[in-house]
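**Student:** The primary structure of each chain is shown beneath.
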Amino acid sequence: MTDATFALALRIAEALIFASDRPVKPERLAAALPAGTDPMAVLTALQAQCAGRPVELVEVAGGFAFRTALDLAPAITRVVEVPRRLPRVAMETLAIIAYHQPVTRPEIEEIRGATLSQSTLDALLEMGLVTSRGKKEVPGRPTLWGTTPRFLEQFGLKSLNELPRREELVSADAAALPLEQKPAAEPELPLH
Amino acid sequence: MTDATFALALRIAEALIFASDRPVKPERLAAALPAGTDPMAVLTALQAQCAGRPVELVEVAGGFAFRTALDLAPAITRVVEVPRRLPRVAMETLAIIAYHQPVTRPEIEEIRGATLSQSTLDALLEMGLVTSRGKKEVPGRPTLWGTTPRFLEQFGLKSLNELPRREELVSADAAALPLEQKPAAEPELPLH
Amino acid sequence: MSDEALTITLDGFEGPLDLLLDLARSQKVDIRQISISRLVDQYVAVLEGARKVRLELAAEWLVMAAWLTWLKSRLLLPEEAEPEEDAELLAERLTERLAELDRMRNAAFWMAGQLQLGRDTFARGLPENLRQEDRSGIVADLPALLRAYAAARRRAIAAKPYRPKTRRLFSVAEALERLRAMLGATPGWTELQAYMPASLVTPLERKAALASGLIAALEEARGGRVELRQEIAFGPLMIRLTEAPAA
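Sequence order for the protein chains is D, V and R.
The working numbering puts the first residue of the first sequence at 176, with every later residue one more than the last.
The working numbering puts the first residue of the second sequence at 176, with every later residue one more than the last.
The working numbering puts the first residue of the third sequence at 2, with every later residue one more than the last.
It is worth saying that the hints were derived from the structure and are not from the lab.
Fair warning: there could be bad hints in the mix.
Below, in silico cross-link-like pairs of lysine to aspartate or glutamate (EDC-like), each with a Cα-Cα straight-line distance of 20 Å or less [what the hints assert, rightly or not]:
(1) LYS200(V) - GLU234(V)
(2) LYS333(V) - ASP121(R)
(3) LYS333(D) - ASP121(R)
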């Protein structure tokens, strides 16, 4: 591989990922690159090249995408419309869907111990974070819900495996559910 | 204005234009920039900085936006075949020509029980599915139409003999009457 | 649990399990070890407070109140009077449910703490279309072609109004006219059949024509213009012009 070919590959990779509305998988990139170019080598080089720039290359949802640097968010949000934040109920529902997928609405309700309003599910659907995954073969054939690639993008995850393991989610000592560290009704608090 | 402020303004401009869902006007950019920064000066500098890069800053209707460099378009665009569906009239005409060839336009009209527009015939001709097969020796000497090898290829047929017999498609009693009324000069297809 | 704590936890309450989770947490013990009766007492106290707040929540909680009361009664009953599910098991199951809800809440917190798209970082707002459509091909499969043929034929057939096949019948008047026109040309006896039009092909048409011809011939014979003769039954009917009487 000549330097010129690699330089061209870098240009192509940058343009392709920049233009795409979804993260670009290495296989998709490979199809656009000069024959014989290793897409991962190009991606690594591109990532290094973009480091520190206002728009950086990140690995997310099984592919690579450009994202604005974190320090620029305050300036951007002054001009670009920011989607409204998900209410606590929606976040909990989303967490249950993420961890229990594919999961039916009655199952979500069982875990939360409360009915799930249609508006909550609608909001998640509208944001493209969850989607239907067929029907459960039980009486009534309830719809099964699961998360989307957009979900991974929203939370900057490479894959669902990057979610914390369930054992890590136990509040301190499992037997004695202590409350001191974290009031239950405080959604805004970042964990740990 | 310090160099550091201008550098930050450049960073903000790049990230903002990247993230915006529409071209960014200088006035809109100004709202995100450090107070007192001239947005046009920033945009001009950014445009110069991006020149020759795979992604360029261009001025479009309504403001400034990033666009992938034109020379990279062939590499990053994926050509997707979106085959057209033949309109119903064209499909029916083609089927009649296939089954009754060589056949004149008035005969096609009689078989379909509807007039045939020239544009439909033109479309079939243009797609290379039908062709003329001489003139019928009757007053007016109308053109006889038949299918082409391209037709066989398109429908995955080895020969016209592979078409099901037309009696299998239209029940005999229903078909008998109008088919018998067809002009006696109708040549027999080597179909059966 | 203080009254103050109750007031605070009320804000985030959404349902009975939520409440129970918080009650269990404020006890700082496993539900298996806490006094269910104390839990129920507190629960009822919250319920009474909540009734003043949101009616639909109170309704939901009532279900849990009933469940808790039953659970408590189970725990109070002696062990041998427990034929089906034992309360310990139920309490354990409840504990597991509460623990899972707790885990899911922690997951939600973790997610909220992640760098989020559209809040902390931004994606390309104006993605470009990388698809170039090639519309030169056509969708043309054989079944569609066959369907089109059948549809066109059926439609054409259905569009034609039904007309019963017209029978070419030779009327008596026609037969008479034909007989009168032709008789003069042929001298002597001729078979009546010969005067019938040759265009009649089907046996039915021929028979009908013969009948009309016979009636026409009889009519002419009655007027004395022709003579008829038949040698044997069902034999050929012969006809000739009456020889003009010498005047």
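**Student:** Could you work out which of the previously given hints the structure breaks and list their numbers from low to high?
**Tutor:** 2
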